[in-house]
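Peer 1: Going line by line, the protein sequences match chains P and C. With this note's numbering, the residue at position 94 of the first sequence is 94, and numbering never jumps. So the number in this note's numbering is just where the residue sits in the second sequence, counting from 1, plus 1000.
Please note that a few of the clues may not be correct.
[Stated by the list, open to error] Only pairs whose alpha carbons sit at most 30 Å apart, straight line, appear in this in silico BS3-like list of lysine-lysine: (1) C:K1107 to P:K131; (2) C:K1080 to P:K131; (3) C:K1105 to C:K1118.
[Unchecked claim] So the derived list for chain P, only partly shown, Cβ under 10 Å to chain C, looks like this: (4) D46; (5) Q50; (6) R52; (7) R78.
[Claimed, not checked] Footprint (simulated), chain C over chain P, 3 or more residues, beta carbon under 8 Å: (8) 36–43; (9) 119–125; (10) 220–229.
Since the hints were made in silico from the structure, they are not lab data. Glycine is no exception: its CB is placed at the ideal position from the N, C-alpha and C atoms.
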Amino acid sequence: MTNASLIDFTLYLADSTLILGQRNGDWCGHGPVLEQDIAITNVTLDLIGQSRSFYQYAAQLIGNGCTEDQLAYWRNEREFKNALLCERPNGDWAQTILRQTFFSFYQRELFTQLLHGADTTLSAIAEKSLKEVRYHCRWSSEWVCRLGDGTQESHERMLAAVENLWPYVGELFVAAPYETALQIDTATLKSNWMDAITAVFTEATLPPPSLTSTFMHTGGKNGQHTEALGYLLAELQYVQRSYPGCEW
Amino acid sequence: MRAIAIDDNELQDCYALLGTIHDPEIPVLSILDLGIVRNIELLHSLQDTGHIRVTITATYTGCPAMDTIATLIRMELLKKGYKTIEIITAIAPAWTTDWMSEDGKEKLKRYGIAPPDKRFEIPTDGIACPQCGSSNTRLLSEFGSTACKSLLQCNDCAEPFDYFKCH
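Looking at chain P on its own, in the form it has when it is part of the complex:
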């Protein structure tokens, strides 16, 4: 394992949680009901917190005075390694909730592997984050069931969300070179994740998912993104780009 792989992998974790956090944050003040508005923004807070832990570690590994803010605000689209799933637009509540469920269950499996990994800092961040992630898994998957097994309208919206997001889940299980270097077992990740998601889909009365049924987009882990990321970063980075170094 080279230091470069460890930095890239840490940035992948940092970018994915930051970008999904930024997406979810858009719901602040727009949730379907007050309690769920608070819930999604609390999930967001956890994601941004995890993201900060990963950026701080990456900055420390990079050295030369690198800071978490530089990594979040001063890198361009092609330098971001987040999973494509995280940058997909919010759509309606069904799409946001399904995206969260897919990602939280992925985090749960990945962080469980990191607990026993060689890098003690990543293990420590994973252990701390898992407490939050388990909560996110429960809350978001309950919503998938509520909508999937709800009214005809909510069921149709959940089906549309699956159709929109499913082509972006395959990438999670295609190992990037830095994941291979860190011996991330994507095969086990994939089978555990599929078991968990299949169970949720069954309860939600959604058709069983299949990872081979459709074309899967890849590239995010190596900096090739969908058009959605550029717009997101423009908003996320605007203040630092306009007023470099500003603090409040």
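Use these hints to put chain C onto chain P, whose structure you have.
Peer 2: What follows is chain C alone, placed relative to chain P:
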């Protein structure tokens, strides 16, 4: 590392001082009650060069109170006369509500927040109302006013209340 013998009384004073710093989100709890102060190391006493290291840990990774708490600790120690103050945020071992003091749990309850309860690892109906003590309560939302709380309502006295989640 230590240049001269450290006075244990001075260390005790430091703990007492940190006991006066309160969580900005839950002002009834001190940072000692919350269990986020993991260690205080007096490297050089006040009589010497006044070098102190405080290790704290975050409750939730994204808790916005942490930066404020670190600043408050620094301010208090500066006022006390320390010249070199290191504040280290430890990630491991991960903070747990098991580290909250019994005294802290009592204070929470009196303040109107139901304290963490092992029987309710996952927040559900039935968590005792901190106002009237009734267990005839219902969960309104798994998420409350901050990352560490859930929202419930009492069916008997009708008061809504926060529950500090087990973590």
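Peer 1: Which hint numbers doesn't this structure obey?
Peer 2: 2, 7 and 10
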